[in-house]
Every structure is written in C-alpha cells, then in structure tokens.
Amino acid sequence: MSIIFKHARQLVVEIDEFINTAEKGVLVFKEGVLNYLNNEKESFADKISDIDRLEATADRLQRKIDDEAYQHSLLPQSISDVVSMLDRVDELIDIAKDNLYLFELELPFFPENIRNEYIRLTTTSVEAALCVIPAVRTYFREPVQVRDMLTKVYFYESETDKISRNIKRKLFHEMHELDLAQKIHLRYFALHIESISDKAQELADALTIMALKINI
Amino acid sequence: MITLLFLTSGLFLGWSLGANDAANIFGTAIGTRMVRFRLAAIIAGIFVIIGAVAQGAGANETLGDLGSVSTLGAAFTVALAAALTVFWMTRLSLPVSTSQAIVGSIIGWNFYTNNPTDLGVLTKIVATWISGPILGGIFAVLLFMLLQLATRKVSLHLIYKDVITRVGLVIVGAFGAYSLGANNIANVMGVFTHSIQLTPLDFDWLVIGSKQQLFFIGGIAIAIGIATYSKHVINTVGRSLMPLTPEAALIIVLAQSLVLFIFSSQTLSSAIASIGLPPIPLVPVSSSQVVIGAIIGIGLYKGGREIKLNILGSISLGWIATPIAAGILSFFMLFFMNNVFKQEVGSTEIKRILQTETEPGSLQKNRPITYHPDLLQNDSLANL
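Note that the protein sequences, when read in sequence, are chains A and B.
138 is the number that my numbering gives to position 137 of the first sequence; each next residue is one higher, with no gaps.
812 is the number that my numbering gives to position 139 of the second sequence; each next residue is one higher, with no gaps.
Pulled out of the complex, with its shape left as it was, chain A reads as follows (with noise of 0.2 angstroms):
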C-alpha cells in the first residue's frame, strides 16, 4: 500500500515540477525576446542557456511521467488524456526555445518605429501560455474550476491575432523603407511569437473537453 502511495506522491512531485518548469520556459522566453529587441545582448544569450536546460529538464520529466504513469497503470481511465496534455504542455516549451533561437540564428532587424508592436505581440502571446499553465495545475486537483480560468487565454489569444494583423499590416502598407525580404522576415517572427499563443489556445481546448470529461 505505501508503495502505491510513494509511486503516487513521486509522480505528483515531477508533474509540478514540470509545469513549473514549462511556466519558467515560456517567461524566458519572453524575457529573452524584450532583450533581443532592446538590444541587451548579454542577457538575450543567458537567456538562450536557460531555456536550453529547461527544455531539456522539462523533456527528462515528462519522460519519467509516462514511464512512471504506465508502468504503475496510474489514472488508467485518462492517462492517455494527461499525456498527450503534457505533450502540448512540453509543447510550449519547446517552441519557445526553437523561436528563441531563431532570433539568435537569424538575427532579425526590428526597425525603431515597430519594436513597441512586437514588444506587445510578445507580452500578449506570452500572458495566454502564462495563463493556461496554471489551469493545467487546477485540473490535477480541481478540474470543475478549469473551464472558467480558460476565458484569458482565449482573449490573449484573440488580441495576439489582432497585434500580429496590425504588425502585418504596417509592414506591408506603411513600412516603405524595408524592402520585401525585410518585410517577410518580421513578418515571420510575428508567426513565431504568435505560435506560443496558438499553442496556449490549442491547450485550453483539449483541457476544456478533459475538464468535462472527468466532471461528468
């Protein structure tokens, strides 16, 4: 019996700790991308490092979740719902560590009069990943609770839509200096920054139907 029950507590532990480390992923993330656009060189590659070791923990975890999750045939009725949950969750982390990269690899040119667009498309997108990870936290212990606290993540999803359209928009149709491959390459990085916030709202859907599923 107490075997259970240590099997049990351990794997509560590492699923904590990996929604945590995903929440520290995507906050370095955006810390990483204000430092690129304010020119902080330093920190931009600390933040690099970082999100490199915890993309990698967050993967070590979630390893050890499935193995530990079926080898004990814990939550036999969802297990297969809480993984593939974990997977979009470890999703989120790894996109935010690949765009990350891109900037340092690709080194893209934010003229002076856009960065405040893309200073808000990063805030934005950012706030929708930050406010799914703690419904993920709630489903574990309060699922009826989860439906509610999904409402922010579909309006920052929304907005991020509307700053990326705008982003876009200026850059085809007022930005005249940039020639097109300028354009297309911010425009690009939109895409990327937006992709955390599709990947936040692709979350809250599958959490809303596993919320339903395990309330009825």
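Hints may be right or wrong, so weigh each one.
Stated by the list, open to error - Simulated crosslink set (DMTMM-like; lysine to aspartate or glutamate; CA at most 20 angstroms straight-line):
(1) B:LYS834 with A:ASP17
(2) A:LYS171 with A:GLU118
(3) B:LYS834 with A:GLU143
(4) B:LYS834 with A:GLU15
(5) B:LYS834 with A:ASP67
(6) A:LYS25 with A:ASP199
(7) B:LYS834 with A:GLU69
(8) A:LYS214 with A:ASP149
(9) A:LYS153 with A:GLU107
(10) B:LYS826 with A:ASP68
(11) A:LYS7 with A:ASP17
(12) A:LYS65 with A:ASP88
(13) B:LYS834 with A:ASP82
(14) A:LYS214 with A:GLU203
(15) A:LYS169 with A:ASP180
(16) A:LYS169 with A:ASP88
(17) A:LYS42 with A:GLU105
(18) A:LYS7 with A:ASP68
(19) A:LYS153 with A:GLU203
(20) A:LYS65 with A:GLU92
Unchecked claim - Derived, one-sided and incomplete: chain B residues facing chain A with beta-carbon distance under 8 angstroms:
(21) ARG706
(22) MET707
(23) VAL827
(24) SER828
(25) HIS830
(26) ILE832
(27) TYR833
(28) ASP835
(29) VAL836
(30) PRO919
(31) SER943
As the list claims (entries may be wrong) - To spell it out: a stretch of chain A is covered by chain B in this simulated footprint if at least three of its residues, at any positions, have a beta carbon under 8 angstroms from a beta carbon of chain B; those stretches are:
(32) 10–17
(33) 76–85
(34) 135–143
I should point out that these hints are in silico values taken from the structure, not numbers from a laboratory.
Fair warning: this is a prediction, and the values are worked out from it, not measured in the lab.
Beta carbons: idealized from backbone N, C-alpha and C, even for Gly.
Since chain A is already given, all that's left is putting chain B on it; use the hints.
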C-alpha cells in the same frame, strides 16, 4: 464418496454464483483497469470463503424454515433444479438470481413431498427481494451525496484520488465478497445442511461444525467460479448494464455489500431486536438486483433521465419467473429421482414408516397426512 457425488449440484451452483456475481463486486474495477483481475480474484476468493463460514448461518436458517430438505437425493435434486434454472435462464438472456431459483426449488420440494410452505417465511423472503434493491438505491444515494460533499471539501490531486479510489475498490470489493459469501452461501449449501452431517473438526481452540464445513466447501466452489470464469463474464456482460466510473463503482459496490451484509448479519439483527424494533430478516438476496437498485438510485438522484425503466420490469419478471421455473423443474426432477432412480427425496417415505410404526392397521389408503419438518430433527426419528 456418494456424499461428494450428491454435493456436485450444490458445487455447480456455487461455481456459477461465483462466476456471475463477482462481476457485481469487481467488474468495474477490472473493466476500468483500476484493479488487476488476479488480485481481485484472490481477494474475492478469500473473503467469500470467510464470509460463508463466519456469517452464512443466518440466511441459511431462513431457507431451512421454508423447507428442510431432508435427504441427500432431494438436496441434490433441489440444488440441481436451481442450477439448471439459472443456467437455462441465463442462456435465454432472462434476468435470473440464484437466491430466487433456490427458493422456487425448495417450494417445488415442499409441493412434491406435501410439506406445507410457511407463507409467513415466504412473505418475509419476497419482501426482502423487493426491499433489497430499494435499500441498495437508498444507500447508493446517501453514499453518493457523501462522496460529493467530501470531493467539494477536499481538493485532492488527481493521482492521489486515483490511488485512494483504487485502494477503496479493493477494500470495498473484499467487503462485497465477504457479504456475498455470508448472504449467498445458503443458496449453494443451504439445502444440504439437513441431509449431510459431517464429523465436527476439533482443533481444541476451535471446533468447526458440519454446517461450517459445508459452507467452507461451498465457499471454495464460489471462489473457483470467480477464479475460472468471472473474467469472461466481466468481459462479456459485466459492463453491459451501464458504463461506470471507478468512483461510482465504489459507491455501488459498497451499497450492495451493505445490503447483503444487513440481510445476513445475525448480530445486527439481534441488536435491532434488542432495542424493540422488528429484527432484520436474514434472507439470501440477489446481488445483481441490489446493484441495479443502486444504479437506479443514483440515476434518480441525478435527475432520472438516464434510467431505463424496462430494467425494473426485468427485475420484477425475475422475481416471479425464476422461482416458478425452478419450482416446476424441481417438482418434476424430484419425481424422476424418486420413481426412476429410486432415491428417497423427503418425507413421503418417512411418513409411511411413521404411520406403520405408530398406528398399525389403522392406515387408510390415500389418507392425507401432514407432518412438521421439525420432526426430522428429533433424535428418535432421525434413525428411521
């Protein structure tokens, strides 16, 4: 050896009871992969035997009051008739209960041997069949409300909830198996307790009487039924009634176990009687019907939209059709046993000897003579 041969019908009944009724106890737990079949079978097997030996006497007495099947041949036939009825009705997908089959079978014996059926006892038994599912429903609703309250007050992590539910299913399953053994062993071995007298086993600190030994053997038959065939039943019919969550299964199994326990606990019945209330009748009840009662109870509590009312009709049909079918089959099988295989099946022979010994020359042909089954317990008559 001949005793063992005659006992086979009871053992077959026990085997089929174990194979069918384990689904009510561990069906959902196994179906939802919360508990492994191997663990469930071991726990159920052990506790069903403990329940049968420790607490099986109460319900057995009530069946004895309905009809003390007095000879080994009759006991074999009565149990076989009940077993065949269960088998036949299961094949026809009709609702069936071992408890109701054995009662019908005993009444068939009463008719064949001209023994009066005590209507008071019969009423008590039938009333329990009706009140069992109702009580199951009431218990299930109360437990469901309690669980809802506890879930609202304590916000446990899903993983802890899973582990607690798992442990709960095992504990409640063990209690369910105990109650099943205690309540339903009378169906399996009840008819044999008057015709088979085994030598008591004296261990100085513990004496195991004849009845307990028979209940132990019957318990083993039930346990074998659980181990060998219940998995098949769980996989085919065990989940057809309604898909249950492990939490709902916990409540339903607990409600069922409580009902079966109440209708088999002599201590509880005496305690109730000691405070001036009518004692609880100790009667074998159908665990499947109590489970259905519990599910309907929760369904009604949740608004009643998901309830299939035709299930209620099926239960009522079972209450009537099973005893009648078993009774008729028992009557005809006793006739064959008596007249074709020349086996004594009850009081007919004793009646004749009694008349010859006590009133020589005064017998009138075809004169109806009745006797009380308790006469058979009389030492001077037992040797006849």
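Each hint tested on the structure:
Restraint check: the Cα-Cα separation between LYS834 of chain B and ASP17 of chain A comes to about 16 angstroms, which is no more than 20 angstroms; the hinted pair holds. Among the hinted pairs, LYS171 of chain A with GLU118 of chain A is consistent with the structure: their alpha-carbon atoms are about 10 angstroms apart, no more than 20 angstroms. For the hint linking LYS834 of chain B to GLU143 of chain A, the alpha-carbon distance of about 11 angstroms falls within 20 angstroms, and the restraint holds. For the suggested pair LYS834 of chain B and GLU15 of chain A, the alpha carbons sit about 17 angstroms apart, so the restraint of at most 20 angstroms is met.
Proximity of LYS834 of chain B to ASP67 of chain A is assessed by CA-CA distance (about 18 angstroms); at most 20 angstroms being required, the pair is judged to hold. Simply put, LYS25 of chain A and ASP199 of chain A have alpha-carbon atoms about 18 angstroms apart, close enough for the 20 angstroms limit, and the pair holds. Note on LYS834 of chain B and GLU69 of chain A: the hinted pairing holds, with a Cα-Cα distance of about 16 angstroms set against a maximum of 20 angstroms. Taking the CA atoms of LYS214 of chain A and ASP149 of chain A, the gap is about 16 angstroms. The hint holds against a cut of 20 angstroms.
At roughly 32 angstroms between alpha-carbon atoms, LYS153 of chain A and GLU107 of chain A are farther apart than 20 angstroms, so this suggested pair is violated. A distance of roughly 32 angstroms separates the Cα atoms of LYS826 of chain B and ASP68 of chain A; the hinted pair therefore is violated under the 20 angstroms criterion. For a cut-off of 20 angstroms, the pair hint linking LYS7 of chain A to ASP17 of chain A stands: about 15 angstroms separates their Cα positions. About 13 angstroms separates the Cα atoms of LYS65 of chain A and ASP88 of chain A, which keeps this hinted pair within 20 angstroms; it holds.
Restraint check for LYS834 of chain B and ASP82 of chain A: the C-alpha separation of about 17 angstroms stays at or below 20 angstroms, so the hint holds. Taking the CA atoms of LYS214 of chain A and GLU203 of chain A, the gap is near 17 angstroms; set against the 20 angstroms cutoff, the hint holds. Between LYS169 of chain A and ASP180 of chain A, the direct Cα distance comes to roughly 14 angstroms. Compliance with the 20 angstroms bound is thereby established for this hinted pair. Distance restraint check for LYS169 of chain A and ASP88 of chain A: the Cα-Cα separation of roughly 31 angstroms exceeds the 20 angstroms cut-off, and the hinted pair is therefore not satisfied.
Of the pairs offered as hints, the one joining LYS42 of chain A and GLU105 of chain A holds, with about 10 angstroms between alpha carbons and a cut-off of 20 angstroms not exceeded. Distance restraint check for LYS7 of chain A and ASP68 of chain A: the Cα-Cα separation of roughly 15 angstroms lies within the 20 angstroms cut-off, and the hinted pair is therefore satisfied. With a C-alpha separation of about 14 angstroms, the suggested pairing of LYS153 of chain A with GLU203 of chain A holds against the 20 angstroms cut-off. In summary, the hint linking LYS65 of chain A to GLU92 of chain A is supported, as the alpha carbons are separated by about 16 angstroms, within the 20 angstroms threshold.
The restraint placing ARG706 of chain B at the interface with chain A holds, with a minimum CB-CB distance near 4 angstroms, inside the 8 angstroms limit. The restraint placing MET707 of chain B at the interface with chain A holds, with a minimum CB-CB distance near 6 angstroms, inside the 8 angstroms limit. Look at VAL827 of chain B: its Cβ only gets to about 10 angstroms from chain A, farther than 8 angstroms, so that hint breaks. Given hint, SER828 of chain B at the interface with chain A, holds; its Cβ is 5 angstroms from that chain's nearest Cβ, closer than 8 angstroms.
Here the hint on HIS830 of chain B is kept, as its CB sits about 5 angstroms from the closest CB of chain A, short of 8 angstroms. Residue-level restraint check for ILE832 of chain B holds (minimum Cβ-Cβ distance to chain A is 5 angstroms; threshold 8 angstroms). At about 6 angstroms, the closest approach between the beta carbon of TYR833 of chain B and any beta carbon in chain A falls short of 8 angstroms, and the interface hint on this residue holds. Evaluation of the ASP835 of chain B hint against chain A yields a held restraint, the C-beta minimum of about 5 angstroms falling below 8 angstroms.
For VAL836 of chain B, the interface hint holds, the least distance from its beta-carbon to any beta-carbon of chain A being 4 angstroms, beneath 8 angstroms. Hint status for PRO919 of chain B: holds, given a least beta-carbon distance of 7 angstroms to chain A, under 8 angstroms. Interface hint at SER943 of chain B: violated, since its Cβ lies 34 angstroms from the closest Cβ of chain A, which is beyond the 8 angstroms cut-off. For the segment 10–17 of chain A, the assignment as covered by chain B holds, since 3 residues bring a beta-carbon within under 8 angstroms of that chain's beta-carbons and 3 suffice.
Counting residues of the segment 76–85 of chain A whose beta-carbon sits less than 8 angstroms from any beta-carbon of chain B gives 5, enough to reach three: the coverage restraint holds. Counting residues of the segment 135–143 of chain A whose C-beta lies closer than 8 angstroms to any C-beta of chain B gives 4; at least three are required, and the coverage claim holds.
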